[in-house]
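> Going down the list, the protein sequences come from chains A and B.
So that you can map any letter, position 15 of the first sequence is 15 in our numbering, and since no number is skipped, the others follow by simple counting.
So that you can map any letter, position 48 of the second sequence is 48 in our numbering, and since no number is skipped, the others follow by simple counting.
FYI, nobody ran anything at the bench for these hints, they're computed from the structure.
Quick reminder that beta carbons are idealized off the backbone N, C-alpha and C, glycines included.
Each hint should be verified, as a subset may be incorrect.
[Unchecked claim] Here's a subset of chain B near chain A, in silico, CB distances under 7 Å, partners left out:
#1 108
#2 140
#3 259
#4 260
#5 266
#6 275
#7 314
#8 331
#9 332
#10 370
[To be verified] Dumping the calculated DSS-like pairs for lysine-lysine here, alpha-carbon to alpha-carbon at most 25 Å:
#11 236/B with 336/B
#12 2/B with 55/B
#13 236/B with 81/B
#14 243/A with 236/B
#15 243/A with 55/B
#16 243/A with 2/B
#17 154/B with 236/B
#18 81/B with 55/B
#19 81/B with 243/A
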Amino acid sequence: MSVLVDSETRVVVQGITGGEGKFHTEQMLEYGTNVVAGAVPGRGGQEVAGVPVYDTVHEAAREEDADASVVFVPPAFAGDACFEALDSPVDLVVTITEGIPTQDMSRVYRKLRETDAHMVGPNCPGVITPGESKLGILPGNIFSSGNVGLVSRSGTLTYQVVDNLTDRGLGQSTAIGIGGDPIIGTDFIGALELFEADPDTHAVVMCGEIGGEDEEEAARFIGEHMDTPVAGFIAGRTAPPGKRMGHAGAIVSGSGTGTADSKITALENNGVPVGDTPEEVADHVEDLL
Amino acid sequence: MKLHEYQAKEVFADAGIPTPSSALATTVDEAVDAAGEIGYPVAIKAQVQVGGRGKAGGIKLVESDEEAREAADAILGMDLKGYHVDRVLVEEAVDFTNELYVGVTMDRGEGEPVAMVSTRGGVNIEEVAAEDPDAIAREHIDPAFGMHPFQARKAVYDAGVDREVANDVAGVLQTLYELWDEKDGADAEINPLMVTADDEVIAADAVMNIDDDALFRQPDLAEMEEEAAEDDLEAKANEYGFDYVRLSGNVGIIGNGAGLVMTTLDLVDYYGGEPANFLDIGGGAQAERVANALDMVFSDGNVDAVVFNIFGGITRGDEVANGINSALEQFEEIPKPVIVRLAGTRSEEGMEILNTDLVQVEETLEAAVQAAVAAADEEVEE
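The shape of chain A in the complex, shown without the other chains:
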């Protein structure tokens, strides 16, 4: 089994006629993802990679029975695209777009809370259930099918850790890149809840980074609510205070919270072994299984 996506997931790609949208639609199809429609205003009736394009997500969902959407829409219009997906309605919206204004995401987040849908991202690599379906830009070839769940704020760090897992024969149930933006849909706790409820996820890897307090909150959640064992990794131990390290969230305020140390301590205090290197994370997972 898996969480969020499987071989049955019927996907509509918003922004399918753009460069990124087209390229990754082809990649997703090649991986086996059930891409059933595209949605681009004014492009209804066209086809991209053999996939029919509709003017609205509503129409795509209705005509092709789509239940998930991947958003490759430019930042200025991506907030609106998320609204459209949530209104259509699909069960899952995966937003790849980087650089969406925070206030737009704040409004999307409010709409999200009124629905039963899941949103992953924005500014994320997507979601993959190896061997079944991938929604996003993750390189499918490094993943392997298995029973380790993975949740991460960073795309490339996800690839690194997955590579270490796959190397050891530790396959993944589902990997979720939740994104590095200030306001995201599914957060660590949301992903951990899904993995906890999935009988085929036997261990979880959680990759966090400096900034914010999401990892500390997730650590408490693990301590209080999870039977599935979790191994952790925190990026940014060497980051100097006050400097922004790429991701919007990756800044240490200097007030003692949000540091790598406070996150590692919180995780360890809740029974989560934290690797010093991605390789060590794989060691921990081996021990946990």
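Please build the complex by placing chain B on the supplied structure of chain A, with the hints as guidance.
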């Protein structure tokens, strides 16, 4: 993007928030003339994007032309925490009886804006927040509805603001929220909001940070942006459009994706080296961008070895390899050893292209970092 105090005050004043009379000056004469027109006492305030200007000697209260000349002369041209002061705000000194704090920001955890009021204004509000969180009244705003007037009043009464000025403070908070909303603010703050003996409220300082991702729809504010006088290398990185942070070590680091680059830094430290920088080339980088990244890191005199850590998703290994080759082939002798680790999308093609006479190739992240730390150590010994 952070507005200067004088720019933020202009925005606030245009929206109807009371601000002291003031004028911007770039020369000593202009400052003295402005001070005379406004009427003494006035404050002369350095306009640079750093906190703690007062303590660093960037704000002076003056009572006469002579004092104004002396203060303007001292502040204009000074180096304030690494920033060159090229303009001052000459401002009416407000005689106050009380100092408040009002602010609006995005509460990341809740995913919605929050308005804040405190009677502990005039101090470092972050310290107040850490020591005594209850000293700040907070009101979360539903972004779909905006701030209801009752919410502004509620925050003000919760904070314990004197009732003589409560309505005016609530009005300022309401306007501040509306500005924050309309201008795509990240933070908007007035600290202190001064209360005079006549129960007037006046914004004595003004902070406005704009969401960089929203500047495309704020053309007026985007125009106010200017090159900040940062570290030379950081300025160069801005030009190239890299996320770059200079650090104190000697192992140069280039990678793709913030999380992976941070991890590479951490591993350099873990294996006993010291990172010289954080440099994220971002997603989908082309060869030229990769070459620019190498150029950046080579121009840091502290760097003794460079490690490239690329895990391609959207980024292609062959593009990266071409970039590394073209950057290195222009040297007769490679300035510093370069260690490369390429994985992910088209990494096999990349490895075939990569000129291994010029770089050392390692297969894993751990091996690449260890090799870079060793190479840097060797350079130091030589």
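> Confirm or reject each hint.
Hint-by-hint comparison with the structure:
| no. | hint | in the structure |
| --- | --- | --- |
| 1 | 108 | holds (5 Å) |
| 2 | 140 | violated (11 Å) |
| 3 | 259 | holds (2 Å) |
| 4 | 260 | holds (4 Å) |
| 5 | 266 | holds (5 Å) |
| 6 | 275 | holds (6 Å) |
| 7 | 314 | holds (5 Å) |
| 8 | 331 | violated (28 Å) |
| 9 | 332 | violated (34 Å) |
| 10 | 370 | violated (11 Å) |
| 11 | 236/B with 336/B | holds (20 Å) |
| 12 | 2/B with 55/B | holds (21 Å) |
| 13 | 236/B with 81/B | holds (20 Å) |
| 14 | 243/A with 236/B | holds (17 Å) |
| 15 | 243/A with 55/B | holds (22 Å) |
| 16 | 243/A with 2/B | holds (15 Å) |
| 17 | 154/B with 236/B | violated (47 Å) |
| 18 | 81/B with 55/B | holds (11 Å) |
| 19 | 81/B with 243/A | holds (15 Å) |
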